[in-house]
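Visitor: These are the residues of each chain, in order.
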Amino acid sequence: DAKTTQPNSMESNEEEPVHLPCNHSTISGTDYIHWYLQLPSQGPEYVIHGLTSNVNNRMASLAIAEDRKSSTLILHRATLRDAAVYYCIPEAPGTYKYIFGTGTRLKVLA
Amino acid sequence: NAGVTQTPKFRVLKTGQSMTLLCAQDMNHEYMYWYRQDPGMGLRLIHYSVGEGTTAKGEVPDGYNVSRLKKQNFLLGLESAAPSQTSVYFCASRSGGVSEQYFGPGTRLTVT
Numbered sequence: 001d002a003k004t005t006q007p008n009s010m011e012s013n014e015e016e017p018v019h020l021p022c023n024h025s026t027i028s029g030t031d032y033i034h035w036y037l038q039l040p041s042q043g044p045e046y047v048i049h050g051l052t053s054n055v056n057n058r059m060a061s062l063a064i065a066e067d068r069k070s071s072t073l074i075l076h077r078a079t080l081r082d083a084a085v086y087y088c089i090p091e092a093p094g095t096y097k098y099i100f101g102t103g104t105r106l107k108v109l110a
Numbered sequence: 001n002a003g004v005t006q007t008p009k010f011r012v013l014k015t016g017q018s019m020t021l022l023c024a025q026d027m028n029h030e031y032m033y034w035y036r037q038d039p040g041m042g043l044r045l046i047h048y049s050v051g052e053g054t055t056a057k058g059e060v061p062d063g064y065n066v067s068r069l070k071k072q073n074f075l076l077g078l079e080s081a082a083p084s085q086t087s088v089y090f091c092a093s094r095s096g097g098v099s100e101q102y103f104g105p106g107t108r109l110t111v112t
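Which chain is which? The protein sequence lines are A and B, in order. Under this note's numbering, residues 1 to 110 are what the first sequence spells out, in order. Under this note's numbering, residues 1 to 112 are what the second sequence spells out, in order.
Simulated from the structure, these hints should not be mistaken for laboratory data. Just so you know, not all the hints are guaranteed correct.
Below, in silico cross-link-like pairs of lysine-lysine (DSS-like), each with a Cα-Cα straight-line distance of 27 Å or less [to be verified]: (1) B:K57 to B:K9; (2) A:K97 to B:K70; (3) B:K9 to B:K70; (4) A:K3 to A:K97; (5) B:K57 to B:K70; (6) B:K9 to B:K71; (7) A:K3 to A:K107; (8) B:K71 to A:K97; (9) B:K71 to B:K57; (10) A:K97 to B:K57; (11) A:K3 to A:K69; (12) B:K57 to B:K14; (13) B:K57 to A:K3; (14) A:K97 to B:K9; (15) A:K69 to A:K107.
Non-contacting residues of chain B with respect to chain A, defined by C-beta distances greater than 10 Å in every case (computed) [stated by the list, open to error]: (16) P8; (17) R11; (18) Q17; (19) Y64; (20) P83.
Where a beta carbon is used, it is the ideal one built from N, C-alpha and C, also for glycine.
One chain only, chain A, in its complex shape (with noise of 0.2 Å):
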């Protein structure tokens, strides 16, 4: 299983661009990135993932390094409501599973 490092805690100003970094190394050819939040007190919930191109959708941006051993998360005007932990999870296909790491705890600031 490939290794992640996360920052343990961000700060952010509202409304500003917030970029949260992901190092996995170890990651193989085939393996996907998966970004999920964490508000206090509830489940994980799906941000984002990825192969080896960047990706967007509506809450976010996935930006992946051209060697794939790095990868960020960008959220385009951070809310108060974005403040919450941040899980940078591989996938190699065919495991079905995740493993957790310990995420980045972001703190947006009004």
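Given chain A, put chain B in place with the hints provided.
Guide: Relative to the frame of chain A, chain B by itself:
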């Protein structure tokens, strides 16, 4: 759709007691998962199932058993609860492939 539901929401057990946590999903998903989350930690996979009648061990399976007799239900059992099993338990399901996992609201279990 109710999505993923978990029963009960809270439970307090004494050491040595047994209990079963129920996870139900109404999305016809093939895969189901049980995780535990200790304070300040990420989720750790206990057991999972890739289809009705199948189960497999995750990262931390000791002290737990599971069953998937019906596609929509995934049961997690503690035969003899220990204080180290005090945690929040999350269930999740997904349809297959590299699809997203849908998580339940969690069960907070305290073992005294």
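Visitor: Mind verifying the non-interface call on Y64 (chain B)? Its CB should be farther than 10 Å from each CB in chain A.
Guide: Correct as stated: the minimum Cβ-Cβ distance to chain A is 15 Å, above 10 Å.
Visitor: Regarding the pair K9 (chain B) and K70 (chain B), is the alpha-carbon distance no greater than 27 Å?
Guide: It holds: about 21 Å lies between the C-alpha atoms, which stays within 27 Å.
Visitor: Hey, K57 (chain B) versus K9 (chain B), does the alpha-carbon distance stay inside 27 Å?
Guide: holds (24 Å)
Visitor: Given the proposed pairing of K57 (chain B) with K70 (chain B), does the C-alpha separation stay at or below 27 Å?
Guide: holds (18 Å)
Visitor: With a cut-off of 27 Å on the C-alpha distance, tell me whether K71 (chain B) and K57 (chain B) pass.
Guide: Distance of about 18 Å is within 27 Å: holds.
Visitor: So if I understand the rule, the pair passes when the alpha-carbon distance is 27 Å or less; does K3 (chain A) with K97 (chain A) pass?
Guide: holds (14 Å)
Visitor: Against the 27 Å threshold, does the CA-CA distance of K97 (chain A) and K70 (chain B) hold or violate the hint?
Guide: holds (20 Å)
Visitor: Does P8 (chain B) clear chain A by more than 10 Å, comparing its Cβ with all Cβ atoms of that chain?
Guide: holds (15 Å)
Visitor: Test the statement that R11 (chain B) is away from the interface with chain A: the closest C-beta pair must be farther apart than 10 Å.
Guide: For R11 (chain B), whose nearest Cβ neighbour in chain A is about 16 Å away, the distance exceeds 10 Å, so it holds.
Visitor: Given the hinted pair K9 (chain B) and K71 (chain B), is their Cα-Cα distance within 27 Å?
Guide: Holds, at roughly 22 Å.
Visitor: Check the hint pairing K3 (chain A) with K107 (chain A) against an upper bound of 27 Å on the C-alpha distance.
Guide: Roughly 24 Å separates the two Cα atoms, so the pair holds.
Visitor: Hey, K69 (chain A) versus K107 (chain A), does the alpha-carbon distance stay inside 27 Å?
Guide: holds (26 Å)
Hint compliance for this structure: every hint is met.
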